Amino acid sequence: MESRLAKLDYADLYRMKWILGGLLGLLSLWNIFSLDLGLDWMVRGSAILMIAAVVWPPVAASLPDWFWRIQTPVIVVFVVSDFILAGGDFVPPLIRMVILLALLRTLQPRTRREDLQLVVLTLILVVVSGVLTLEISFAVQLALYTPLVMLFLFVVNLSESFSPEDEVPGEVWKRFRWQRFLRDVRGLFDTRLVLFSGVLFTGMMLSASFLFLSLPRFELGQTLPFLTMQARGTYTGFSEQITYGDIVSIMNDDSVAFRADVGSVRPRRTPYWRMLVLDEYTPEGFSVSESLRDRGRNVSSNLVAAPAVLRQSRGGSPWTIYFEGGVSRFLPFPGAFGHARFQSRHDVVVGDATGTAAMREAPGNVLFYQLTGLHRTDVIPLHEADEPLVRFMAGEGGASGGEKAVYPRTTLGLPGDEASLRVLDEAVGDVRGGDTEPMDADTFGRRAVALLQHGRGYSLRTDIPEGDGDILTRWLDSDVAGHCELFAGAFVLLARRAGFPARVVVGFHGGDWNGFENYFMVRNRHAHAWAEIFDPERGWLHFEPTPAGLPGAVGQPEEEAAAGGTYAQADRTWAAYMDSLRVLWYRRVVNFDREQQRQLISGFGAMVQSMRDSVEAALRSALSALREWFGGPWDLRHILILVRNIAIAVIVWVALRVAVRWLSGHVHVLRGNARTRAKAGRLLRRIREARGDGKNGGPERDAVTSDLLQIRYGPVDSWPAVEPVFRGARRAARRAPQA
Amino acid sequence: METDTIPAPRIRDAMEGMKANIARVIKGKNAAIENVLVCLLASGHALIEDLPGLGKTTLAYCLARSLDSGFSRIQFTSDLLPSDVIGVSIYDDRERGFTFKHGPVFSNIVLADEINRATPKTQSALLEAMDRGKVSQDGKTLPIGRPFMVVATQNPVDYESTFPLPESQMDRFLMRLHMGYPDFKDEMEILRGGFLRYDEIDIEPVVTGGELTDFQDLVPAVFVEDSVLEYLLRIIGATRTEAEFRAGASARASLALRTAAQALALLRGRSFVIPEDVAQLVLPVLAHRLVLRRASGDAIEERHAVEGILGQIVERVPQPV
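Respectively, the protein sequence lines represent chains G and U. Note that the numbering used here has the first sequence beginning at -7, numbered continuously upward. Note that the numbering used here has the second sequence beginning at 258, numbered continuously upward.
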């Protein structure tokens, strides 16, 4: 008995195998592009070669023999040198090696073993890139990869049934035409089977999604330490020792550092994302003093609480930060906060004195945290650590920030050389403007900002005059333009010289407002430095010494507030749309705590319950209406209505029956006669096989086989209603073994 | 032609009636009976080749009696002349001219007993009549009438003073059939029944000649799906590439196989042919048309060899699904 699949010869299967293998390879590279692997040319080249292997198989299949002979030594040399050159960082070269092997497997004529290797290699790529990036495309990739790999394995299995002497890979592509190949493949598919498996697969995906939603979440990337590779996005220069120009170099990078969900309403003023507070003056720049570092409180929890003073505030809705992996270990906060909640337990160093927090290491992939109790003021409230400063300001402490000073006295440190101090004194004099009265921090700050910005432009490139003394004072003494670090640093030195403790704060300012999903996309180019000055009454006051309205610079918060928050237009570009999908994914799937998850599931349960209730209520009301109607007085009109309704019901029923019968008799028209015949043939074979009939046995044992024979071999106009026959045949085939 | 107008079940019932009628006399030879009926339906002629005394003549006789039509028997001998078969023109004194005296071939079922004993000249006279359904005499063509079927018999063992039919003439027969020895049980039945002379065979006709011609006219309308035709042609093609045969089956053979399959489908109450119909008829329709490359001289042995090879071909050629 000839089966339809027997028409598939080894060459057909081999071609399908080849093309499916190429597609698998390509699909596995999908997410690799969003990883920072280095050697981009290799990944791109691999993708191009894979595309070539799929689109022009004959070309790829006719690679010369010497290519295959030299490939092993070349790969060994490449991989070994790659590992050596990468130093201790073994994940990127490992992935590069897997990509290379997968590429070779897609390009070479494969035996069964190599087919399976290809599956394993692509699976590694899919899983590793998915776990590292945690992008929404990972879900799409998996949804495509799974059926493709199943089909691939199915074809590999089928091709196994051919004897080895059939294997003539060189011959397979000789007369290959895409059109003919696609037509043949199309002929193989049974629409019903494809539909059925599609439905099954969709059902599986849906149930898997539900399970995914209902299972407790954990962060794979954090759980498997070897996977803490850097995702794309560069290491920024944020560190505890920032030399001049570091922030500027960060600003050259346009990639997103983090995204911030601040509720659907855009804040009226541009947020300053505080990451690091630099208290100690050094000639190279400001840094975090050792004493401040030692003050860090180690917390290992998923909930970080700020000092009690901050927790009292109950400001507004929580903000959620999606912090990209590899940006920094210092976390951005839009001011003082009450609580920071992470998805899982993390080791965090909390700087209570400065209102900052940092991870022990830069997170490998996206880190989610939620901030509650945010202070929407420009002031970081007083903390007990600031006590010495309060006393100092009251004239009790005396000592200024010397070499060995400890925090918070480090916030008074100044350059040691006379020239610098002289410049500073002059400038302080200018700020005071001859005013000998004691001045409060706020007033001094405003005047100092005005002085610094007077006649001075903003520029990322500065030519600070050579000379003695500190770089900041030399810049202050000149009138060259400067960037945020210089403005902030000079401001801090001025304040300190005038007797106000001051510190430099670095982080980000503002961000692009995503107009699609309403959140901030804060990019590395938004990196910024500003200053805080101490007021013994209120705490640390925020000051923005950098002039506004210039590229990379930012406006004064007050001005923006006055203008109704009309800073940069919302980003509604295509790239922003793609970015918003990612946040959607974060919001809906990745980033929710147990409570949200419970709500989601209980919401689902409530929906089912309410649907059941409403159906039940509808049935009840219909039943009672019916009862009432029958219970009513039986006059002629009543009877006529009853008769009319019964007649309508009968007509509808008969019409439905006729329609169903007609449809089932004409389904074959849609399907095409040849396909209907083929299907009848398959069913006939099934029945005969199930009954154990011989090759020519029992052609007309009953009505079902006789009808099937009629459909298979009879003239079309004599066919019985096709679908009922097929149904009967399927039943007969199932029952046959018991018969 | 509209195929759904074929009253296939009625034809099946009628032919089943004939089959049962004949089977009352010829015990245990259902396959042979069915094949003869297929020949009859397909307007073909049958050559029954077997040893004497196995019921060849009885089968032909019963067939004729089951049909409400004429029957004649010609015993072929070496001195039989063509005019003994087709008839002769004789001078009629009253008419004052020659009138044609119809020979025994002018009947509906003609039993040509031991056809290989006649001279080739006489054989060819019969075969021409078989082929055309007409007889040419004195420049006139005389139709034989319908239904017309020749059931020829020949003895494959006794070759003394015989003229074996040449291949070209074998080809005129739609089928070659064998009776074979009856089974033990069937022979017991025969013995119990006692020997009957032909005149004593009590068979009532179940189908009229007119009905049968109507049925015959419907045979070409039986539907043959393309895949079945391909299957048929693959079998024919396989005989042509088979090294054991001197030559493969002819185009007439493939037409014959198709027509026979159509008739069998009708006999089974179908208006379409299925591959099993074709497979079943390969041996009776093709075996007598094929000649082995290495002749052994023993007709029965050769027949078995040819049938064996054909059986292998049927096994080998995949049926459409």
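No lab work stands behind these hints, which were simulated from the structure alone. Check each hint, because a few of them may be wrong.
[Stated by the list, open to error] Pulled from the structure, derived: some chain U residues nowhere near chain G, Cβ distances all over 12 Å:
1. 481
2. 482
3. 500
4. 522
5. 525
[Stated by the list, open to error] Ranges of calculated distance between the beta carbons of each label pair, as one might list FRET restraints:
6. U:573 x G:651: 45 to 55 Å
7. U:573 x G:643: 32 to 42 Å
8. U:440 x G:108: 25 to 35 Å
9. U:440 x G:193: 55 to 65 Å
10. U:471 x G:193: 32 to 42 Å
11. G:193 x U:437: 53 to 63 Å
12. G:727 x U:440: 54 to 64 Å
13. U:471 x G:189: 45 to 55 Å
This structure is a prediction, so every number in the text was calculated from the model and none was measured. Each residue gets a CB set at the ideal place from its N, CA and C atoms; glycine is no exception.
Against the structure, the hints:
no.	hint	in the structure
1	481	violated (8 Å)
2	482	violated (5 Å)
3	500	holds (24 Å)
4	522	violated (9 Å)
5	525	violated (7 Å)
6	U:573 x G:651: 45 to 55 Å	holds (48 Å)
7	U:573 x G:643: 32 to 42 Å	violated (59 Å)
8	U:440 x G:108: 25 to 35 Å	violated (60 Å)
9	U:440 x G:193: 55 to 65 Å	holds (60 Å)
10	U:471 x G:193: 32 to 42 Å	violated (58 Å)
11	G:193 x U:437: 53 to 63 Å	holds (60 Å)
12	G:727 x U:440: 54 to 64 Å	violated (35 Å)
13	U:471 x G:189: 45 to 55 Å	holds (52 Å)
Of the numbered hints given earlier, the model fails hints 1, 2, 4, 5, 7, 8, 10, 12; all others are met.
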